[in-house]
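Student: Assemble chain B onto chain A, guided by the hints.
Protein chains: 2
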Amino acid sequence: MELMNKFNELITKQKAYMYVLQLSGWDSGTEAPRGAFKRRSEMLGVISGELFNLQTNQEFQDVVNGLFKVINELDDISKREIRKAKKNLDKIINIPKNEFVEYNKLIGLSQREWEDAKENNDYESFKGNLEQIFNFNKKFVKYYNKVDHPYDVMLDDYEEGMSMKEYDEFFNTLKKDLVPFVKEVLNSGKSLNDNFITDFYPRDKQKEFAEYLIDVMSFDKESGLMKESVHPFTWNTHSTDVRFTTRYLENFMFSSIFAAIHELGHATYEQQIDPKWDDTTLNGGTSMGIHESQSRFYENNIGRSIEFWEAHYPKLLEIFPEQLKEVSLDDFYRGVNKVEASFIRVEADELTYPMHIMVRYEIERMIMNNEVTIDELPKLWNDKMVEYLGIEPKDYAEGVLQDVHWSAGLIGYFPTYALGSAYSAQFYYTMIKEIDVEGLVKDNNIKVINDWLKEKIHKFGSSKTPKELLLEVTGEEFDSKYYIKYLKEKYGKLYL
Amino acid sequence: MELMNKFNELITKQKAYMYVLQLSGWDSGTEAPRGAFKRRSEMLGVISGELFNLQTNQEFQDVVNGLFKVINELDDISKREIRKAKKNLDKIINIPKNEFVEYNKLIGLSQREWEDAKENNDYESFKGNLEQIFNFNKKFVKYYNKVDHPYDVMLDDYEEGMSMKEYDEFFNTLKKDLVPFVKEVLNSGKSLNDNFITDFYPRDKQKEFAEYLIDVMSFDKESGLMKESVHPFTWNTHSTDVRFTTRYLENFMFSSIFAAIHELGHATYEQQIDPKWDDTTLNGGTSMGIHESQSRFYENNIGRSIEFWEAHYPKLLEIFPEQLKEVSLDDFYRGVNKVEASFIRVEADELTYPMHIMVRYEIERMIMNNEVTIDELPKLWNDKMVEYLGIEPKDYAEGVLQDVHWSAGLIGYFPTYALGSAYSAQFYYTMIKEIDVEGLVKDNNIKVINDWLKEKIHKFGSSKTPKELLLEVTGEEFDSKYYIKYLKEKYGKLYL
Chain A
28 MELMNKFNEL ITKQKAYMYV LQLSGWDSGT EAPRGAFKRR SEMLGVISGE LFNLQTNQEF
88 QDVVNGLFKV INELDDISKR EIRKAKKNLD KIINIPKNEF VEYNKLIGLS QREWEDAKEN
148 NDYESFKGNL EQIFNFNKKF VKYYNKVDHP YDVMLDDYEE GMSMKEYDEF FNTLKKDLVP
208 FVKEVLNSGK SLNDNFITDF YPRDKQKEFA EYLIDVMSFD KESGLMKESV HPFTWNTHST
268 DVRFTTRYLE NFMFSSIFAA IHELGHATYE QQIDPKWDDT TLNGGTSMGI HESQSRFYEN
328 NIGRSIEFWE AHYPKLLEIF PEQLKEVSLD DFYRGVNKVE ASFIRVEADE LTYPMHIMVR
388 YEIERMIMNN EVTIDELPKL WNDKMVEYLG IEPKDYAEGV LQDVHWSAGL IGYFPTYALG
448 SAYSAQFYYT MIKEIDVEGL VKDNNIKVIN DWLKEKIHKF GSSKTPKELL LEVTGEEFDS
508 KYYIKYLKEK YGKLYL
Chain B
28 MELMNKFNEL ITKQKAYMYV LQLSGWDSGT EAPRGAFKRR SEMLGVISGE LFNLQTNQEF
88 QDVVNGLFKV INELDDISKR EIRKAKKNLD KIINIPKNEF VEYNKLIGLS QREWEDAKEN
148 NDYESFKGNL EQIFNFNKKF VKYYNKVDHP YDVMLDDYEE GMSMKEYDEF FNTLKKDLVP
208 FVKEVLNSGK SLNDNFITDF YPRDKQKEFA EYLIDVMSFD KESGLMKESV HPFTWNTHST
268 DVRFTTRYLE NFMFSSIFAA IHELGHATYE QQIDPKWDDT TLNGGTSMGI HESQSRFYEN
328 NIGRSIEFWE AHYPKLLEIF PEQLKEVSLD DFYRGVNKVE ASFIRVEADE LTYPMHIMVR
388 YEIERMIMNN EVTIDELPKL WNDKMVEYLG IEPKDYAEGV LQDVHWSAGL IGYFPTYALG
448 SAYSAQFYYT MIKEIDVEGL VKDNNIKVIN DWLKEKIHKF GSSKTPKELL LEVTGEEFDS
508 KYYIKYLKEK YGKLYL
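Chains A and B are the protein sequences, given in the same order. Going by my numbering, the residue at position 269 of the first sequence is 296; the numbering climbs one at a time, nothing skipped. Going by my numbering, the residue at position 356 of the second sequence is 383; the numbering climbs one at a time, nothing skipped.
Next comes chain A alone, as it looks inside the complex (with noise of 0.2 Å):
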């Protein structure tokens, strides 16, 4: 089909122009000195701006218009891909350039703004900021024309599919079950020999172990790497360049250990897809919610494991003899699945974790339907923590501007966090009927784990929605019960 080719080219040009951005953006989030940055964004501006033209220029809009008249003509992989890109046409399409661009200049500055604001403790100088880019939201959501709710269209940006309405169920049910569960937890006065977890480890004995992890997780260095950065985040463009970074905290060694281990899992995820996908726009991993379910499952299913540190164990105690030589293999996996309330999320424990996420998705609800003005965020932010977890931020980078998220834009974001975390689970469920997970993480033979996600999951890359693959993999459309049932199983057993 001549059109079907000329769509295909028209693509691998806008793809070019995604990649380089991508490589400019990794440069970004691990060295590019602070100098650079002006100059920088001037010259990506450009870039973008010419990005901007091919995706919305009239002869993709013809192409992509065209095919998704004769829909019903296409074979099911380009089925897939015109309505992918009718949808995100008919996003764009109707946003005048110059709200664009104002609004990509808006995030550019915000993102260095808002690390000035925390570094403060300054909502006041931020939240003008806060409040453009909620309203460039919904200003580009009206653009859409759709009559869904704007914040609907937003969560079905990051996670196909999901609204609203299914949200609020997953997070009801959370509040209904979890929360006590939470409480009975942090309340149950266990206490744990857990000194050794702020210990001195020197950042060159972390890399070492960090580097003994991606053989352990059978991640291929001549298609990706390992890199340190503030904040740890894995990037890819295509299947054979993945990377990832992590951080060395010297007093605070689980930071590395984990997030190496969290990013490995969207490593192994985005290494594992069909090559085929590449040329395409469906590769890379299809949904945010899929992506953090392998990251979360790599991470906690696995990596906070008895049978992982069983495995792993004598491995750091060599690299460790000094720091960890009166702390048991039980101690250490106690002290790894320590529960506690605290403030920040990206260090929060796996069982309090979805609380963050909840008081986020709240925020971003009310916001959106403007049941709350910026002025009140902080407040409100603190309100919810004082419910879910019964702790209350002492500054604003404890609390409303510990996220980098809505300064960059990401709205709608935040709910995939612990949708992953509840796919995970249910994944989880129907792995363990197929194949010896624990066995296997013992054994260090996660490789066949990997193998096992790559046929069900991995190697579809995009062309799958995760609502599909979820039926396929499980058998079942998504329940949040698995999650439920995983961590009070979990931690019914370590703390009551």
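Treat the hints with care, since some could be wrong.
Any copy will do: because identical chains look the same in the list, a pair fits if it lies in one copy or spans two.
[As the list claims (entries may be wrong)] Taking lysine-lysine pairs in the DSBU-like style, the calculated list, with each CA pair at most 30 Å apart, reads:
#	residue 1	residue 2
1	65	491
2	486	210
3	421	232
4	254	232
5	173	512
6	132	106
7	481	469
8	65	106
9	303	65
10	40	132
11	474	65
12	481	65
13	483	132
14	65	483
15	254	234
16	406	234
17	210	173
18	132	517
19	124	40
20	118	365
21	65	486
22	232	342
23	203	124
24	106	460
25	33	65
26	508	203
27	114	192
28	248	203
29	460	494
30	40	118
Worth flagging that the hints you see were computed from the coordinates, not collected in a lab.
Tutor: Just chain B now, kept in the frame of chain A:
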């Protein structure tokens, strides 16, 4: 002037494309995984093609040609910009796009093939690429339609205003005045206490000293960074993003020290360019030769001086107390200035270095004059090594296949290395009339030297030609006698 504004607008766009391509180059040169290269070359091919379109489309041609017609009405800066632009345009405008694309593919592939050929000592497998690369370049020069000799056009590409006539004169002087002196030094029979040179110096400790050197040289870390790579290089896109690499050979510490100082020379030049040029086509150092004069000045005139080590040997002793415990300052100074006939250009000492360049210049000259076939190159190379340095390479890796340049299409580049050294000597004899270089180096006050170079050379970026700079700074045209004098004084004292 409206047409000039249009010119600037089009240039800004071109610069954005160059920026992202440069960023990709930095990534490739330092950390991109091997697996990434195939798809990367496809993606970058698209962006390069887009840039080529911008550089050759009718709109840009009209603007440049329009401005060139009225060049006498322009201010001096615009005059220089338009002359450069017109020259670049004329050079590429007649190259058929398919040939340009084909050549770039060839270059992309040749890098990897050269690496393999070098590793396998297999000239046969690579000579086809070499032949094609030279032929493409000969062809491209023909499209330029200039009366100049093809090699002259290429020499001017890397060093504005230089041609075979001038280089012949330069290298003939070296041959007459320097070759006999080099032989005298090599045959002096002077032996050094130099076992320490190949002692074991751990990577991390070398890195510590390299970081110390960054401060010694007053490099601005807010606007740049140091990293590690197999082949040290300096990279920049604008004055506030200047990066360089060094490498750590654990059995040859000098490599990291002098690579760092050399690249810091390039980097200091770039950092000290007036930022006002960033938005123009006159950003960056003015030529390869002037650039090399700065890196070699810092590396050799400063970094290999006794004063430098009077100031910094104590620090090195602090970092490597064991390895250097029996090495006196004088031993060390003689060690860093050790002269010997060797095969590898990048490892050659300051005195024999220009001999290596002479070999390459004479060979390129013969190829471009069709006086030698590609088949004959290995023998020709070896014969010239015997003639100038008295040693004969045993294999292609230490002979004709050692350098990356030809496989990357860099023909006419080599002679700028020797020219740069000669420039640096000429600048040096002017500098010492105005400031106390030796005293400043001894007092660890290199900032004053940086400032002198900034005022005289660096701040102008490319707004002055190499010839203009030389004349304005030293009051004379280029004269190789300073280079000969400098080398004879320094190495006569050390060896004769």
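Student: Next, verify each hint and record whether it holds.
Tutor: Each hint tested on the structure:
Taking identical chains as interchangeable, the C-alpha atoms of residue 65 and residue 491 lie at most 30 Å apart only when they sit on different chains, with a minimum of 26 Å there against 40 Å within one chain. In the homo-oligomer, the alpha carbons of residue 486 and residue 210 never lie at most 30 Å apart, since the shortest distance is 40 Å inside one protomer and 65 Å across protomers. In this assembly of identical chains, the alpha carbons of residue 421 and residue 232 never lie at most 30 Å apart, being 34 Å within a copy and 42 Å across copies at closest. Taking identical chains as interchangeable, the C-alpha atoms of residue 254 and residue 232 lie at most 30 Å apart whether they share a chain (15 Å) or sit on different chains (20 Å).
With identical chains, the CA atoms of residue 173 and residue 512 are never at most 30 Å apart, being 37 Å at best within one copy and 79 Å at best between copies. With identical chains, the CA atoms of residue 132 and residue 106 are never at most 30 Å apart, being 35 Å at best within one copy and 34 Å at best between copies. For a Cα distance limit of 30 Å, the shortest separation of residue 481 from residue 469 inside one copy, 20 Å, qualifies, whereas the shortest one across copies, 62 Å, does not. Within a single copy, residue 65 and residue 106 get their C-alpha atoms only as close as 41 Å, which misses the 30 Å cut-off; across copies the closest is 28 Å, which meets it.
For the identical chains of this complex, residue 303 and residue 65 are inter-copy neighbours only, at 14 Å across copies versus 38 Å inside a copy, given an alpha-carbon limit of 30 Å. For a Cα distance limit of 30 Å, the shortest separation of residue 40 from residue 132 qualifies both inside one copy, at 24 Å, and across copies, at 17 Å. In this homomeric assembly, residue 474 and residue 65 come within 30 Å of each other (Cα to Cα) only across copies, at 26 Å, whereas the closest approach inside a single copy is 44 Å. Taking the shortest Cα distances, residue 481 and residue 65 sit within 30 Å of each other only across copies (23 Å), while inside one copy they are farther apart (41 Å).
Proximity of residue 483 and residue 132 under a CA criterion of 30 Å is satisfied in neither setting, with 41 Å inside one chain copy and 38 Å between copies. Within a single copy, residue 65 and residue 483 get their C-alpha atoms only as close as 44 Å, which misses the 30 Å cut-off; across copies the closest is 27 Å, which meets it. With identical chains, the CA atoms of residue 254 and residue 234 are at most 30 Å apart both within one copy (10 Å) and between copies (17 Å). Taking CA atoms no more than 30 Å apart as the test, residue 406 paired with residue 234 passes in neither setting, with 40 Å inside one copy and 48 Å between copies.
In this homomeric assembly, residue 210 and residue 173 never come within 30 Å of each other (Cα to Cα): the closest approach is 41 Å inside a single copy and 83 Å across copies. For the homomeric pair residue 132 and residue 517, neither the shortest alpha-carbon distance inside one copy (46 Å) nor that between copies (56 Å) is at most 30 Å. Taking the shortest alpha-carbon separations for residue 124 and residue 40, both the intra-copy value of 20 Å and the inter-copy value of 17 Å come in at or below 30 Å. In this assembly of identical chains, the alpha carbons of residue 118 and residue 365 never lie at most 30 Å apart, being 43 Å within a copy and 67 Å across copies at closest.
Only between protomers do residue 65 and residue 486 lie at most 30 Å apart by alpha-carbon distance; the minimum there is 20 Å, versus 39 Å within a single protomer. In this assembly of identical chains, residue 232 and residue 342 lie within 30 Å of each other by CA distance both inside one copy and across copies; the values are 12 Å within and 26 Å between. Within a single copy, residue 203 and residue 124 get their C-alpha atoms no closer than 45 Å, and across copies no closer than 66 Å, so neither meets the 30 Å cut-off. Within a single copy, residue 106 and residue 460 get their C-alpha atoms no closer than 34 Å, and across copies no closer than 76 Å, so neither meets the 30 Å cut-off.
Taking the shortest Cα distances, residue 33 and residue 65 sit within 30 Å of each other only across copies (23 Å), while inside one copy they are farther apart (37 Å). For the homomeric pair residue 508 and residue 203, the shortest alpha-carbon distance inside one copy (12 Å) is at most 30 Å, but the shortest distance between copies (88 Å) is not. With identical chains, the CA atoms of residue 114 and residue 192 are at most 30 Å apart within one copy only, with a shortest distance of 21 Å there and 64 Å across copies. In this homomeric assembly, residue 248 and residue 203 never come within 30 Å of each other (Cα to Cα): the closest approach is 44 Å inside a single copy and 52 Å across copies.
Proximity of residue 460 and residue 494 under a CA criterion of 30 Å is satisfied intra-copy only: 21 Å inside one chain copy versus 77 Å between copies. When the C-alpha separation of residue 40 and residue 118 is checked against a cutoff of 30 Å, the pair qualifies both within a copy, at 20 Å, and between copies, at 27 Å.
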